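Student: Chains as they are written, first to last, in this note's numbering: chain A, 1 to 103; chain B, 1 to 122; chain C, 1 to 250.
FYI, nobody ran anything at the bench for these hints, they're computed from the structure.
Keep in mind the model is a prediction, meaning the values are calculated, not measured.
One should not assume that every hint holds.
Stated by the list, open to error - From the structure, some residues in chain C lie toward chain B, with a derived Cβ separation under 7 Å:
1. L22
2. V27
3. V35
4. T36
5. A43
6. N54
7. L75
8. A78
Claimed, not checked - Output of the computed footprint for chain C on chain A, the stretches with three or more beta carbons under 8 Å from beta carbons of chain C:
9. 35-47
10. 56-63
C-beta atoms are modelled at their ideal positions from N, C-alpha and C, and glycine is treated no differently.
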Amino acid sequence: MTAQALLGILLTATAVLGTVVALTRDPARQALVLSAYGLVLGVLMVALQAPDVALAQIAIGTAVVPLLVVLTVAKVERELSTRQEDPEDRRRHPSGPDRRVRR
Amino acid sequence: MSDVLGVLPYVVAAWILLIGCYGIATSRSFIHVVACLSVVQSSTYLLLLLIGWQTNGTAPVFADIEPGVPVVDPVVQALTLTDIVVGGAVTALLLALTVQLAKRQGSIDPEQIRSLEEELEE
Amino acid sequence: MSRRPASRVLSLVGGVGAFVLLLAAFVQLPDLGHVTHPYGTRAVQAALGRDTANVVSSVNFDQRAFDTMGEEFVLFAAAVSAILLLRRFHDEEEDAYELRVGHHDVWSAVNLAGFALLAPTIMVGFYVVAHGAVSPGGGFQGGALLATGLHLAYLAGDYRVLRRLRPVAVFDAAEAVGAAGFVLLGLSALLVGEPFLTNWLPTGSLGDLASAGTVELFNVAVGMEVASALILLLAKFLDQALVVRGGGGE
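Let the hints inform the model, and build the full structure from the sequences given.
Tutor: Structure, rendered in structure tokens:
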């Protein structure tokens, strides 16, 4: 019976944390909650007798993906703040292959 | 366990799927969309592992148990394993696209992004 | 904005409908925890027949190796595309101050923990890759462990230390070698007259490190590829977030 109780607790925690991740609007905070969600999901996978999968989930879903989200937030915030300082930048300076199409 | 109670773990997987989709539909930032997409993908991992689970089974690794001990289904675990790692790489690609979007259009709000044709018409 | 409430209502209605349909499907599944898994039984028998203790690794690299090759190449393509998207454009430049000095406002406890855990984590990563056929682990997990373990150097020092420990050209080459190595190992089976991706090396006894034939070699190839792909991805993201400036006439 304790195995069932453990599964029930972990499933509930996963559902609650998943809801919190989806409803957190600020991406920087969402990265942290995503990391916690990945950890709880990894523990649930161990309870479901899947250690290989739990290893991959904790390595990728708890370490790599939240790190990438935080780095993206930092980069995007800097890009958007420089754009706001000089709003003519967008029209004057597209970087990419369509530059020649415009002429 | 009655039939309905026995379905509750699957309901958790369905709930996570749908709440992730709700997060994507009502999102105001593409980074938020990518994180919710990650949640949606994780619901499929949970569903696969639940299908393969056996009540008295143990992990399908015979390093310290004798062959003949009941184990859970290893095939769905193999599917889920590669799925997780590849999903992480695709998430990285989507985030790289978001960075490019911020550079080119100055916004990552899904309701303010214009298509490439509209941008070229300027 | 009238789009926002409309999208919420629509997504709620669609969500409820999808939930009802999923529930209707779930009550027709076999009971949770049922014990008849025909694929699982046969996969376990096949893995034990080839002396592979970790049945999941056997399924991934021996019984379903073709799918794993496809997944590995999806990872390769996604990583290469993301790296291409994040390359430094001609109107962007690197911040020389960041490169020279870096940031130092990190707690010394974090520095110490990163320094203490760096070598053990790399060792555990290599262990997990090498023992993929014997205990839980394998190329995918070990590769992810190695990639994140290397970035403990960023916690232990600063970005300059990480750049020195992470020559990008080496990992570029390692990623390609890992991806190509998988295919070449599969082709090597053709040299002995077996179909593509057959496990043709001699298998030792169950539980030994040198058991399971080519599964060990496939693990090493995948581990090299996954670790290099993740390290390169993180390198590009860190570069963009910390060092690269400009892109707007700055």
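Student: Take the hints in turn and mark each one as holding or not.
Tutor: Hint by hint, here is what the structure shows:
1. L22: Given a least distance of 4 Å, the restraint on C:L22 holds.
2. V27: 6 Å, holds
3. V35: It holds, given that the least Cβ distance between C:V35 and chain B is near 5 Å, below 7 Å.
4. T36: 9 Å, violated
5. A43: 5 Å, holds
6. N54: 5 Å, holds
7. L75: It holds, given that the least Cβ distance between C:L75 and chain B is near 5 Å, below 7 Å.
8. A78: Because about 4 Å separates C:A78 from the closest Cβ in chain B, which is inside the 7 Å limit, the hint holds.
9. 35-47: violated (count 0)
10. 56-63: With 4 residues in contact (Cβ-Cβ under 8 Å with chain C), the coverage given for the region 56-63 of chain A holds.
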